Every structure is written in structure tokens, then in C-alpha cells.
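Peer 1: Here's the letter readout for the chains.
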Amino acid sequence: MNLQVQTPAEWLTESERPPLEPVAQFNLTSDDVLVVCGGFEERALGILQNAATSGAAFNVLLINYKPYVPQNKSSAIREICRDSNLHLEETTYDREAPAGFGGVLIESLSNCRGRIYLDVSGMSRLLMVQSLVALAGSDRQFSNCFVTYAEAQEYPPTEEDATAQLVRSRDDPTLSILFLSSGVFEVTVVPELSALASLGEQARLIAFPSLDAHQLTALRNELQPSRLTFIEGEPPRPVNRWRQRIISEINRLDQIPNAESQTTSTLSYEQTLESLLKLYETHSLRERLIVSPTGSKMQTVAVGIFRAVVNDIQIAYPTPLEFCSPGNYTRGVGPLHQLALSPFSPMLGGKAAEACA
Amino acid sequence: MRANLPNPAQFLNLPVPERPDITIREFVASGNDGHLFRGHSEALGRDVACKIIPRANLLHDADGRETWRNEVHKADALRNPAVVKFEDIREWRGSSAEPTQNVDCVVLISEFVEGPSLRKFISENPEDITVSFVRQWIATMLNLLVEMKARNVVHGDLHAGNVLVEDRSSYDLMGPPVVFRVTDFGVGDSTSEPRFKDDFKQVAQVLANLLRAIDFQACSLKDKFIFGVLRDHFLGRHLIEDDPTRDPIARQPRELFQRLQALDTEYDAVAAIDSTKLLTPFDFLSCEQIGEDPSMLRALYSDRFLGLPEIESRNNLVLTGPRGCGKSTVFRSLSLDQRMRTGEAAPEHLPYLGVYYRCDDLYFAFPRYVLPGREDAFDIPIHFVTATLLSRFLDSLEGWAREHFESEFVPLEMIASEGVWRALGTPPPGTPDAMTFRGIVARLNKERLRAAEWHRFVDDPKRKPGCCFGPEVLQRVCSALTAVFPFVRERPVYFFVDDYSSPKITRELQANLNRLFMQRTSVCFFKLSTESPVSFAKHDLDQKIYVENREFILHNLGLIYLHADVATKLTFVEDVFRRRLNQTASPYPARQLGELVGSSANHNNNEMARRIRAGEKPSLWGKEVLCKLCSGDIHYLISLVGDMVKLAGGAAVMSASTESCKIPLVTQNRAIREAAGGFLKNLRGIPKCGDQLVAIVEAFGQVALSHLKLLDSKNDEGKPPKQASRIEPYEPFTLGQTAQDLYDELLRYSVFIEDFRGKSRRGNVVPRLYLRRFLIPHFNLTFSTRDSIELEPDQFAMFLLNPRRFEEAARLRSEEAARRYEAAAEAATMQPGLGFEEPSQ
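For the record, the sequence lines run as chains A and B. Anchor point for the first sequence: position 230 equals 243 in the numbering used here, and the numbering is continuous, going up by one each time. Anchor point for the second sequence: position 174 equals 1566 in the numbering used here, and the numbering is continuous, going up by one each time.
Each hint should be verified, as a subset may be incorrect.
Listed next, the in silico DSSO-like pairs over lysine-lysine satisfying Cα-Cα at most 30 angstroms (straight line) [said to hold, decoys possible]:
#1 A:79 with B:2080
#2 B:1854 with A:79
#3 B:2151 with B:1936
It is worth saying that the hints were derived from the structure and are not from the lab. In this text, all values refer to a predicted model and were calculated from it rather than measured experimentally.
Kindly produce the complete structure, drawing on both the sequences and the hints.
Peer 2: Okay, structure coming up:
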């Protein structure tokens, strides 16, 4: 007699999570597609450059950003593809009108017979979640899909710069501290990442505080959550650990009422996934959960995987208004990584309780 | 044994030998022991079910006696309507002349139940398996098990194939049209291969199958809770535990039935996050922060709220006011759900039935809504909102009616449900819960999700949206309920729709939904709260304008507070603080606002202005000043007093204070002046235009301060300094799109409060823009509402588009400049063109 009935979140909690693996050399074949974004950070080119050095031909799907930012690496990506004889297709992601892009992406990938590598190194956070959810909902589901990720070598600002700005803001309460992005275009909600099953209950915002305090302010202003959970990011390298404290101070987390806080690694997606699953288990029966993926890239990958399986959470994203000077972008290409998504496939597209039937 | 089964085809169209009135008409299914056929009885004039079992498959004792007959007859003792009883038992022995010549079977004859087995139903109608469906099924099972236990009857083979989903609609208009029935009583135990199975464990297995069929993630929170109880308690313990010391109600059908019936109440208790006490009086500044805590909401809600009678009047109403003015608090407090949770829903105190709905749900379903290019999709948002509001209303109404009018509600629920389905214009699903409010709510919740899904693909010409509810459906359902339930007839339904504000709820979405919300009927009224007058679209899809005071009443709390006298405001503000100061977990060192901040009843604006002109920053303190700072945004006052307490050293320091006013005046003054800085910082964070809004308000503040220092008021005999805390255009203005957007944002965030009452000095009806009260000290102005900064339309546009340039032009820097300004202003009163001096480029 099999009486076991599991919800998707319970399945995900119990399932084994594939590791984020370091990769020295990416070897793609002519059936494979690498999805890259023309972001503005140097590491946006890292995976493509590495894979191109293998000498094998493969396919590249370049996602261009709109509105256009001069520092974007689209031209460099085209150049690498041309020089390495890679088959290139392009599509456009409008950051100010992103709804439905998942469908566009899946359509672009519909002819792929091999593996799909989703390079998140230069990818907008909302786009990452949209892409992962769209892949999960496609016929392929996560089968033969991988996330690739290039760390940066340097992550501005320096501790000194950040501290100096923080001191200035204490003296002038109306001063804004700006590093990578500035201001919020709007709090973006797209229908494909909406969750409408919970009605009327109090909302809990799960946010990842960032160096741009406007993001959290805008989220709180627009969404007016009853409760908050902050998932603070702890960088893997001890030399960068000061960032967590500075981010907390910039956002004045200690002064925000009705909030709880926890910390996960900015690199180990498993920790964030674990954290999200625990929050779901604790709060989802009484609260509508809204997750805003404003943390690190790999924290955002965790949000994407979580949302792909657990579809009754709402995603809301404070789209940046503009990006600051190139001096504030991350620099260099650090270690490269790969995450296999196939192990998450069995739970996708099925009904909640069918997993263990 | 399956091997003993004869070929079923040979029975077709033959009469049952011992019941020649019955002809076998149709083969239905086979089991391990026998075949099931549909037969027709000429004598009865109806179909009957004929189960034909080979004698070899039936149980006999060692002496060859037919012990199986006793087992089959046991079920005859049961009176539960779910039981399908055997009406007759006959033998079928074939003779050599017949096609069934080798047959030696027994025929069990029972009524023929129209409808599939539950197993088939689950596989063919997975969309219909909801938590409500499962509750109905398990309630039927437990109800049956109660009698079975009392009569010591067991079924022995209670699997999903022996549960039937019967459609009775063709012959029974009084009972529910679809019900669960249980068949094959005693058969399992009467066959030669006894496969007797524990009834409770069989029920558990079917329950597991049903739960697996539910789309858990599409369930409401309440249904998720009930899903959890059914899975973790019923499936995990109650139905399978053999040891009563581990679970006292395990396998006790009556107790389990009672628990099942109490699940709604259980959920209400769990959903309410009761903290009941504040850690400090300044916690939970907004209704959103209070969250699902009815006791706290009740404790903090003041019925001295200004404007309450208008909100409760039988009119469609648009309520506006600055954030934190209590719109959500009052709306939620007036809802039936909240009143039930706090024990304040006694019918004699309930003149209407309130339904609270917060529009963030609508925003998530229809973000950035634009009217689709196809007409068949226009009604999708109406469908969504109608399903949503009705689902909430029916859920609340059932809970309230069961508590106060159970004897009327229970017998009428089915009739009312029929009326609701008719009003919805939708055929009810063929499920046993269809004629219950729970079943309707389950369906409406699915309709919400369907509408959102239709909307996602509204631009895809290959997909057609389904048939949508029109704007009349909500009102029609309310009328249907009124017609059935006397206790609803006396009470109109008030739909409190909160945060109906653009841009989140776009103007096009509002224009669409206004077709529903602006309807005027006697059975339901719509109360819409919106952030500001400009965040509400006063028209419909056809650009038909809805007229204030005809289709709706506009109730602006900002204006009400602006023009209310201090005594009226003080009554409310003191009540709010009294509630909070008396609600803390540990006794607070003050019980009244006055004990904390003292009284400044003698505060005089003219005197304050003279001191400002003399270069002072007059001290601001006392409860009357707090009232003057309030533009309705009561949360600001609460937060401000909290800041004062913090600056004063906290509650512990105040406990030791022997002063009549526990917060020193200097501390109060500092907190008041600093608070606006925080507001401006948050304003800067507003998407797209935050910096510009801050620049605009700063420009106004600087210009107004220069007027105070250099100009005298024309409106007062004593010639006090001019105290302008408002802008008054000379003439009506039309702004370009950018300027209009900024204007709207200023109103949206209540940086200024718009007042259309009054005329300009040229006699034109123009909006006056009052600076939000708590920003006044930041710019060192006074609380007087007497004077204005008067602007020509082009200056007003410059003020919005280029505030720094405006400030350069309009700020007075010398007495000479002031004289020139006054002369120009005098002339401008009569004719256009105030003539600010252009700043040097």
C-alpha cells in the first residue's frame, strides 16, 4: 500500500541537488547551443571564449539587451563567433517590457537537438528566472540543460569606497549611495511568473539586499508586504566578506520592522535553495510569498530552479533605471562553473502529489 | 478467480432465467470474480445492475453450504443512502438448448447507478478533483462507516472501483444531482478467494489517490491547509493507525467526521496570527504590517476614524488619501471576515456584509494591462474579479450563516447553489460537491486561474479565451442569494476593493473593471480605495465619464484632515494612541498621548511666522501640533512619536521621568524636523522620477520660505508674514504629458494634496495644492492654510519640469525683489502674466 503523497516543494527538499562544478574546458558539439547575453561585464564573454578555444563548432544564441547600453558585449560576442566559425542567432530582451520572453527563448531553442547551456554570467536576474522557468515548462523540461557561470576576478566597489559613501550618507539622510545600478525603473511583474492561488492572505517579501538600496525601498513601497525575509549574500572569498555588512548598513536592515534575516553563500546555489524551501515550508500555508531575485547570480539561479518547481510563489523584480560608470562593473573572468539541471526534471510539469505515486 | 469467468458476450440480450422480466442489455465491466451488466426490468420499468458470478467463485463452507449469501445480505441492514443494496439474488444455470449452456452462476441484482466509478472519474475528470471534492467524498465515506460500525458491517473491498459517482439529475430534483454511492457490499467476502481488506485502509488508499490528483500548487491557502490535514492526519494517522493509544480518534468514524466538519474553523484559528500585544506602541504602523492578525487589527482600529459614516453609507464610494491614512485598516475592519474573527458579527450589529479584496492580486494577474485588440478578451478581467469577489463572499457568507443561521442555511444551501450557478450562466460540474458553497468556491478559484491564463496568451490569435462572466454576473449572483436567504435580503453586500490605484492597476484595466464597479444596484455596493484622485480612472472602456456624486462619491481623507478642526482630529488621534499605549505586552510609562508629548493648545501660526522671520526655528511640540502635522497619514504620527521616544532614551528613561510631559520639548522638536528628511529620501527612491519629485517639493519649500520672510499676508488685518503652504494657479491649466505625469506622481505620493474647493483670485475654479503637512517643519513654514503661492499656468509647468529654474525665478532674495513681486502679483490678479524674473543663464 503506497500512501505517500508529496508536494513539489517536498520533493525538491528531499531530492539530491547536483553540485556546481568547476570546469576548466567547455566542450560543446555542433548539436549544442550556448545561450549568452550581451551584458556589460567582462565575464559575460568568459564561457564563450573558453568553449570557443576547444576548436569545435557549436551554436550560439545571443540575447541582446534593450534599451541598449554602449558597454554591452554583443559586438565582442559576434566577433568571437565569427572568428571561431560558430553559428550565431540573435534575439532581443527588452528589460522594460520583459513579459513573455520565456516563450521567445524556447521558440529560439526549439531546433536544438543537443545540450542547452544557459550562461548566466552576463544575464539580468529577471531574465535568469524567466529562462529557467521557461526551460522547465518546455517539452524538453530540464533534460540536457546546464547553467554555466563565470565568476569575476574583482567585485567593485572597494571596501574603502563603500565605507566612505556610507559615512557621507549618514551625514546627509537624503543622499543615495550608488554603485552598479542607479534607481529603479519599475517593480516588474510578468504574468508567467505570477502566482494567483493564494488570495487575500498577508504577503511576505523574500528579498536579497543589494548595494542599491533603492531596490529594496521600491519593493517595499510598491508591494507593501506585511512581513519580510532578507537573504543576505556571503561571498565565498573571505576578502570580500565585508560586502555583506556594508549591504546591510546601506539598506538599514536593522531598522526595518517585521523582518527576519538569514545568510547564504553568493556562490553555492544549494544554500539559497535550501533556504527558500525552508521559508516555503514555514510560511507558505499562511502567507503569499513574493520573491525578488536581487541577489548574486547563483542565488538567482536558485530562485529560478525553486520557481520552476514550486510555481505558487510570486516573482517581482526592481528593474534598474540605469547602470553606473564602467569603473563600477566587475572586472576580469574568474573560475568557470557548470550546473546540470536534468536532476530537477522529474518533478516538472506534473501535478503536486503525483511525484511519488 | 478470473479463470472461472465465462465469456460475457454470451449473456447479452438474454433474460435472466429466474427473473424473465430482466434482460441483459449491456456489458459494463469485469472484476476478478464476476461480470457486471446493465439489465432492464420490464416489470420495474427501469435498468438494473446484474452482477454475474460463477458459483465456483463463491464461498462455501466445508459442507458445501452457501456461506456467501449471508455476507451479501449483511448490507441489507444498512440504511445509509450511499449504499447500493442488492435487491435480488438469482441463479443462472444454462440448459443445453441455450447459448449459456455451461453456465453455473449467481446473479446479484441491484439498482443500476448511472455514473462512472470513482476510479474512472479520477482518470477522466482530473480537473474536477479539488479539495472540496475530496472532502465531500471522505465525508460520505465516514458517514457510511458510522453506520457500518454501529451495525457491525464491513465492506471488505472498498476500492475506488466500488465507489460510484452517480448522476441523479434525471429523476431527483430535490436532492443533490450528483452523489457518491458504494456498491458490492459483501461481495469481496463472499467469494471463494476472500480478499478481505480493511475498510479504513482501503479508504486511506483511495484518499491517497485523490490527493495525488489534486493540483496542490493551484489550491488556495485554506485548501492547502485542508490538504495537509487530510494527508498528514487522516491519511497519516486517523485511517491507518491500529493502536488507539497512539491516536484516540483513529478508525472512529463519528469523531473523524466531526473533525472533518470542523476543518474550516480549524483553519481560521491557524490562519489568524494572533499576537494580540504590541512590543512597543509604535509597532505595526500600517495595516499591511498587521497582516493576518484580527485581534491586533481590532485593537488598533479606531471607530473615531474621520469619514467613517460616509464609508458605511449605501453608496458607491471612491476613498482616497495619503498612504498610511488608514484606508486599508478601515476597509478590512468592516469586512465580514474580520468581524467574524473578532466575534463582532452578530446579525443585529451587521447592517451589511462586507467583502475585503486587496488589488495586489489583480496587479499580479494583469500587470501593465492594456486593452487587448480582440473584443472577446475584454471581459477577462471582469471574469477574474467576479470569480474572486464571489469566491470570497461565498466563503465568508457560509461561515457566518452556519454560525448564526444554521437552521436556515443548511436546508437552503442547495437551492441557493442552484441559483448561483444559474446566475453565473455556467453549468455546474458533475461532482457531488457542486451544489455546495464549497464546491462553487472551488470552481470560482479555478476560474480565476483560467482567466489569468487566458490573459497570458491574449495576443496569440490561435488561442481563444473561454466564455467570460460579464459585468452583470456579480450583481446577479448577489440577487440570487438575496432571493433565497432572508438573512441576506436585509443586508446589502459591500465590496471593499483596496488599493485600486494606477499605475499598478492601470487606467485601462480600471476603465474595463469600472463597468462592474460603477454599477448602481440595491444589492451590492462598491467601495474603492485609491492612493490619490489621479490614481483612479473615472471612465469606462467607451470613455464614458463617471460623474462624481452620481455614479460614485469621492471621499478624500487628505482633505478631510486638512480642513477638520484640531479638536475633531485630536479625538481620533488620541484614541489611536490610547489603544496603542494600552496594548503593549508590558505596561508602558504613559497611557495617553498627552502624557508623552504634552499639550500645545496655545500654538499660534502668526506668532510662529514672526519668529521664523526673525531667524528662529520655533520649537514644535505637543499633541495639537501633532494633529496639525497630520494629513490623514496617521501612521506617520505613530512613527514620529516612536522616534521621539527613541531620541528621549526609550521607555525605560521615560518611566523614571517625573515630568508631566515625558518627552522633552527639545526632543519632540528635533524628531519632527528630522522626520521629513526620511520621507524625502524615500521619495527619491520612487521609480523613474523620485529625484525630480524631491526637487519640486524643495523648490516649493524654498520659495514659500522666502515669501514668509519677505512678504506680508494680504488676508489678515494684522499683516502677519505671508504663510503659504499651498500653490494656487491663477487659471485652469493644461499640462504637457511629462509635466502631467509629474503632477500625478506628486498627488499619488501625497506630496501635495489637491483641493478643488475654492476659486483663484481671478475667480477661476482651480485645484489648490496643499503641501503635505509633515513636510512643513522641514522647510521652516507654519501650519497656516491661509496663503498661497500663486502661479500662472506656464510657471506651474516650469515648477514641475524645471524646479531649480523655478526656484531661481520665484525665490525672493531681497526686500526690493519682494516689492517687485507684490506689484506684479497685484497686476496679475487682474490680468495674466505674473512676470517672475528669469534667472541669468
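Peer 1: Measure nothing beyond the straight line between the CA atoms of residue 1854 of chain B and residue 79 of chain A; if it is 30 angstroms or shorter, mark the hint as holding.
Peer 2: holds (28 angstroms)
Peer 1: Is it true that the CA of residue 2151 of chain B sits at most 30 angstroms from the CA of residue 1936 of chain B?
Peer 2: holds (27 angstroms)
Peer 1: Quickly compare the C-alpha distance for residue 79 of chain A and residue 2080 of chain B to 30 angstroms and report which way the hint goes.
Peer 2: holds (17 angstroms)
Against the hints set out earlier in the document, no violation occurs for any number.
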